[in-house]
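**Student:** Sequence:
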Amino acid sequence: MTTMQRLGALARLTFGNPLSLAYLGIVGVLVLLDRTSTASAHSDASIIPGLLALALALPTGAVVFMLRDLFDENVFIPAALVFSYVFQAFVIGVVYRWFRNRAARARTVPGPGAAWENPPHGTDHERR
Numbered sequence: 001m002t003t004m005q006r007l008g009a010l011a012r013l014t015f016g017n018p019l020s021l022a023y024l025g026i027v028g029v030l031v032l033l034d035r036t037s038t039a040s041a042h043s044d045a046s047i048i049p050g051l052l053a054l055a056l057a058l059p060t061g062a063v064v065f066m067l068r069d070l071f072d073e074n075v076f077i078p079a080a081l082v083f084s085y086v087f088q089a090f091v092i093g094v095v096y097r098w099f100r101n102r103a104a105r106a107r108t109v110p111g112p113g114a115a116w117e118n119p120p121h122g123t124d125h126e127r128r
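In the working numbering, the protein residues as written are 1 to 128.
Hints listed in this document are in silico derivations from the structure and should not be mistaken for laboratory results. Take these hints with a grain of salt, some might be off.
Stated by the list, open to error - Label pairs and their computed distance ranges (CB to CB):
1) 104 with 48: 34 to 42 Å
2) 51 with 8: 32 to 40 Å
3) 12 with 65: 38 to 46 Å
4) 33 with 12: 22 to 30 Å
5) 48 with 108: 40 to 48 Å
Glycine is no exception: its CB is placed at the ideal position from the N, C-alpha and C atoms.
All chains should be modelled from the sequences, with the hints used to inform the complete structure.
**Tutor:** As structure tokens, then:
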């Protein structure tokens, strides 16, 4: 497998399934709403989309934000958020593929006893 094929596989896992696309779409809408909020700066409504966007980055973002002292915060915070969103979309893609493969195997694998052939049953009179 070449490097380009691996990158393509990673891109398909991250961006090529409906669950990852829905996750990234929700994040994009929340970030857009946060940036274009028309509520006053002192209103609680102005911070809700930003807080929801941060909440969607929590599992990975919490770990990544422990490294914030090592980098300049003006660059680190947006980069950490983007990394968190993309990494979580990748993990969602891996889980989605696992469930799809598992469901496909369940459809193709016969159940217990399906390979047995039952001999014809009948009385001695029917066999003669």
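**Student:** Would you mind marking each hint as holding or not holding in the structure?
**Tutor:** Against the structure, the hints come out as follows:
no., hint, result
1, 104 with 48: 34 to 42 Å, "40 Å, holds"
2, 51 with 8: 32 to 40 Å, "35 Å, holds"
3, 12 with 65: 38 to 46 Å, "29 Å, violated"
4, 33 with 12: 22 to 30 Å, "29 Å, holds"
5, 48 with 108: 40 to 48 Å, "47 Å, holds"
Hint compliance for this structure: hint 3 is the single one not met.
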